[in-house]
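J.: These are the residues of each chain, in order.
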Amino acid sequence: MTEFCGWAGAVLDVDLTSGKIEKYPLSREMAIKHIGGLGFGTKTLYDNVGPGVDPLSPESVFTIGQGPLCGTLSPAAGRADLVAKSPLTGIFLRSNLGGFFGPELKWAGYDLIIVRGQSPRPVYLWIKDDHFELRDASHLWGKDTWETERILRHENKDHDIKALKIGPAGENMCYSSAIIGDLARACGKCSLAAIWGAKRLKAVAVRGTRGIRIARPKEMVALARELWERFKEDPMYASHSRYGTNTWVGDTVMKSMGGIKPELSSQAFEKLYHKNISCSGCALHCSHWLKVKSGKYAGTQGEGLEGNTQLVGFDLGVGAEFMTYYNNLCNRMGLDTMHPGAAIQWAMSLYRDGIITRADTDGLELTPGNEEALLKMIDMIIRKEGLGEILDMYPVRAAEKLGRGSENYISHCKGYPSPYTGFMSSVKTTLAHAVATRGHDHLTGSPGIETPNRQPEMTNEILERLGREKYGDPTMFTDISYTPQRKYALRVWECENYFAMADMTGTCKFAAREVLLVNGIDIPDFARLLTAATGIEFSPADCTRAAEREMLLERAFNAREGIRRIDDYPFALWYLKKFGRPHPRFDYARLKMSDEDYGKLLDMYYELRGCDLATGIPRADKLNELGLADVAADLARRGILPQPTTARA
Amino acid sequence: MKRLVIDYEKCVGCELCAMRCSLEKTGMVNPSRARIHIVRVEEEGIMMPAVCRHCDQPACIPACPVKNCITRDAETGLVSINAELCIGCKKCTEACPYGGPTGVPRENPRPKQSSTIKVLCDLCRGNPACVEFCPTACLQYTEADPALAEREKKGKEELATLIAQRK
Chain H
1 MTEFCGWAGA VLDVDLTSGK IEKYPLSREM AIKHIGGLGF GTKTLYDNVG PGVDPLSPES
61 VFTIGQGPLC GTLSPAAGRA DLVAKSPLTG IFLRSNLGGF FGPELKWAGY DLIIVRGQSP
121 RPVYLWIKDD HFELRDASHL WGKDTWETER ILRHENKDHD IKALKIGPAG ENMCYSSAII
181 GDLARACGKC SLAAIWGAKR LKAVAVRGTR GIRIARPKEM VALARELWER FKEDPMYASH
241 SRYGTNTWVG DTVMKSMGGI KPELSSQAFE KLYHKNISCS GCALHCSHWL KVKSGKYAGT
301 QGEGLEGNTQ LVGFDLGVGA EFMTYYNNLC NRMGLDTMHP GAAIQWAMSL YRDGIITRAD
361 TDGLELTPGN EEALLKMIDM IIRKEGLGEI LDMYPVRAAE KLGRGSENYI SHCKGYPSPY
421 TGFMSSVKTT LAHAVATRGH DHLTGSPGIE TPNRQPEMTN EILERLGREK YGDPTMFTDI
481 SYTPQRKYAL RVWECENYFA MADMTGTCKF AAREVLLVNG IDIPDFARLL TAATGIEFSP
541 ADCTRAAERE MLLERAFNAR EGIRRIDDYP FALWYLKKFG RPHPRFDYAR LKMSDEDYGK
601 LLDMYYELRG CDLATGIPRA DKLNELGLAD VAADLARRGI LPQPTTARA
Chain F
1001 MKRLVIDYEK CVGCELCAMR CSLEKTGMVN PSRARIHIVR VEEEGIMMPA VCRHCDQPAC
1061 IPACPVKNCI TRDAETGLVS INAELCIGCK KCTEACPYGG PTGVPRENPR PKQSSTIKVL
1121 CDLCRGNPAC VEFCPTACLQ YTEADPALAE REKKGKEELA TLIAQRK
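Chains as they are written, first to last, in the working numbering: chain H, 1 to 649; chain F, 1001 to 1167.
Honestly, I wouldn't trust all of these hints.
[Stated by the list, open to error] Heads up, simulated SDA-like pairs for lysine to any residue below, C-alpha to C-alpha not over 25 Å straight-line:
1. LYS1067(F) - GLY1045(F)
2. LYS1090(F) - ASP158(H)
3. LYS1002(F) - ALA1144(F)
4. LYS1002(F) - LYS487(H)
5. LYS232(H) - LYS20(H)
6. LYS232(H) - GLN1140(F)
7. LYS1167(F) - ARG153(H)
8. LYS218(H) - VAL1119(F)
9. LYS157(H) - VAL1119(F)
10. LYS291(H) - ALA1095(F)
11. LYS622(H) - GLY580(H)
12. LYS1154(F) - HIS274(H)
13. LYS128(H) - ALA1149(F)
14. LYS128(H) - MET1028(F)
15. LYS1090(F) - ASN156(H)
16. LYS1153(F) - ALA1095(F)
17. LYS271(H) - THR300(H)
18. LYS20(H) - HIS139(H)
19. LYS275(H) - GLY319(H)
20. LYS1010(F) - PRO235(H)
21. LYS275(H) - ALA1149(F)
22. LYS275(H) - ILE1087(F)
23. LYS1167(F) - LEU183(H)
24. LYS577(H) - THR459(H)
25. LYS1010(F) - ARG225(H)
26. LYS578(H) - GLY405(H)
27. LYS157(H) - LYS1010(F)
28. LYS232(H) - TYR482(H)
29. LYS1156(F) - GLY1045(F)
These are computed hints drawn from the structure, not numbers from a lab. Note that this is a predicted model, so its numbers are computed, not measured.
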């Protein structure tokens, strides 16, 4: 019986090469310093995967973790985090999913699974409470994720097994591949599923009947009750609990892209909503069961549809019914929705401008709205056939391989695709995406509130009151000018901190303050929830420090992989610095902010984060302050740690 | 008289009921030990709470081989299993159309006693913990409501079909 509450108290270390699995107790130091989930993963990654390790090699290591709030009645705490070095970008990869896997892993008794090596033949990891083993998966290899789950439940005679699975795309080590939890929950970004394919790991299947102890159960119940009531009073609650990310992301971003397309709007999806559905332990029920009742895709049904997936349809020229079909297809095949969408959109631009022709596309007309061509191209991506092989490598390797000037049609940050060459709809969003540790990304620390196209519920009055109450500055959220102001850097730093806390504790960001803008879970709430769950007194300062530790450790990992200040710029400015000349297809007169001004803003962020201004590398003094002296020593040994400086190169 | 009324269509599958129930009844969050659990057919978007319905004519009572092990209180209508008499044979589970009985480890088993027993929801002595946490009022503890009665009846039939298919 573990000493812990909240944490399950055990770690599994799986060597796929030898087939051996070691179980050992969670250390108290690991628990307090790195909290859980993402935190355990990043620490493990830093200690086990150095520069020079090929992410698809047997030396590559990945982790699956869930945090001390997961599966405990803490609000919206059903999430698990996976961490690795990305095959796509070669840098830090974190990917997170909701649904039901995380809590099941908690109730089976494990906080962290470390996976190394490479299996000689397809296997799946089976965990039921105290029993764990690697089992033959040759009968599952080649099957889609839904069929895999059916077979796992049938052969183990248990309907309640929860499994992470790869499909044909992951087996083929596609960069576009995703790990699927349940039937529609995905670890899609940055190609972790390709690592599973390389390791011949088909699935991780868990059944947990041991449960979890809560240190202060009455307090946890009271807190959960209080927070759920508080969420209901948030101005965004009605929209989020009805539409989920269809309005929050889908409609909002479409407005900044030129306008909401009716066939792709939240209204169009609402026609397909059969009912709202939830992840484990969450009363927000922001997801939906969709049913297409008429038209070409009649009979299609499935869980969905996330806002960023919704946006994939924008440039592809398709509507809600096709996207529901596409979403199901991606979930079954174990394919990310965004990466192939971005790649096909790139191909459409090339086709439009005659850089590729039907000779390159196997006769397919890659034009917006050509649904048949889109589906054939998806199939070619999964098989890495013809143009599909190139599209799967999108963006950097794809452009290198294709050439013909196609490299002038890509944009990215740190090798992860970005749809933006210049600035995004707000300077805070731009900064957050550019400094994000896994490449262009909204989930590392992008503030949700401050865009010019925000939802009408977010009135100026509410934002001014929020600004006054929390910062003594009524313009904190309403001032969205493209100027280098410390308050913008502060917002990104803050958002990164409580998103890190969400990922370390197992909590969904959709219930966090950045999304439920007034009443969502904030740092002091994390402190109270952690205290109730674990019995260890966490203060808000402890949580902020843990978050800072996590963010700096991620940055240290990236610094070790060669990431520097230049990589924290939006694409058009990165390009200018990298190649010493303007990007041939971007009009720099349209830039919302000068290079110099963005540089000042980046300096402010680095000051807050504790990074050297010239290089972006974490400073030794900040690493030491956060209890990462071993990391400072490691970076110094490798000649990476810079001498202290206040001047930019 | 109040009873647990279930508006099945409103279930969003969050399993907060099972998490809260297990904490109340066992002191740990452990849905596999809750008296209520969610039956799912994920590929069809089906999710339904399964819990003892305290039937007027419970199917479990004639199925149980041990006399007086399962009884129904004439006054309250509450159906309950005597833990001491239960032999863990699972016949009640086979007979119940609604997934009522839950198997749990027996506390402090004596020699020759089964290591697991079956338990039923006891409505937490008049203040069911699950109801408070249900986000959609799928679970309600209330007097009979004719508006709900039709929907609940339909839901019970669907659930019974599902459970029968899985036996």
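J.: Hint by hint, note whether the structure agrees.
T.: Hints, one by one, checked against the model:
no.	hint	in the structure
1	LYS1067(F) - GLY1045(F)	violated, 41 Å
2	LYS1090(F) - ASP158(H)	holds, 17 Å
3	LYS1002(F) - ALA1144(F)	holds, 7 Å
4	LYS1002(F) - LYS487(H)	violated, 55 Å
5	LYS232(H) - LYS20(H)	violated, 48 Å
6	LYS232(H) - GLN1140(F)	holds, 19 Å
7	LYS1167(F) - ARG153(H)	holds, 14 Å
8	LYS218(H) - VAL1119(F)	holds, 24 Å
9	LYS157(H) - VAL1119(F)	holds, 22 Å
10	LYS291(H) - ALA1095(F)	violated, 34 Å
11	LYS622(H) - GLY580(H)	violated, 33 Å
12	LYS1154(F) - HIS274(H)	holds, 18 Å
13	LYS128(H) - ALA1149(F)	violated, 40 Å
14	LYS128(H) - MET1028(F)	holds, 18 Å
15	LYS1090(F) - ASN156(H)	holds, 20 Å
16	LYS1153(F) - ALA1095(F)	holds, 18 Å
17	LYS271(H) - THR300(H)	holds, 14 Å
18	LYS20(H) - HIS139(H)	holds, 22 Å
19	LYS275(H) - GLY319(H)	holds, 20 Å
20	LYS1010(F) - PRO235(H)	holds, 23 Å
21	LYS275(H) - ALA1149(F)	holds, 21 Å
22	LYS275(H) - ILE1087(F)	violated, 41 Å
23	LYS1167(F) - LEU183(H)	holds, 23 Å
24	LYS577(H) - THR459(H)	violated, 39 Å
25	LYS1010(F) - ARG225(H)	holds, 20 Å
26	LYS578(H) - GLY405(H)	holds, 17 Å
27	LYS157(H) - LYS1010(F)	violated, 28 Å
28	LYS232(H) - TYR482(H)	violated, 34 Å
29	LYS1156(F) - GLY1045(F)	holds, 17 Å
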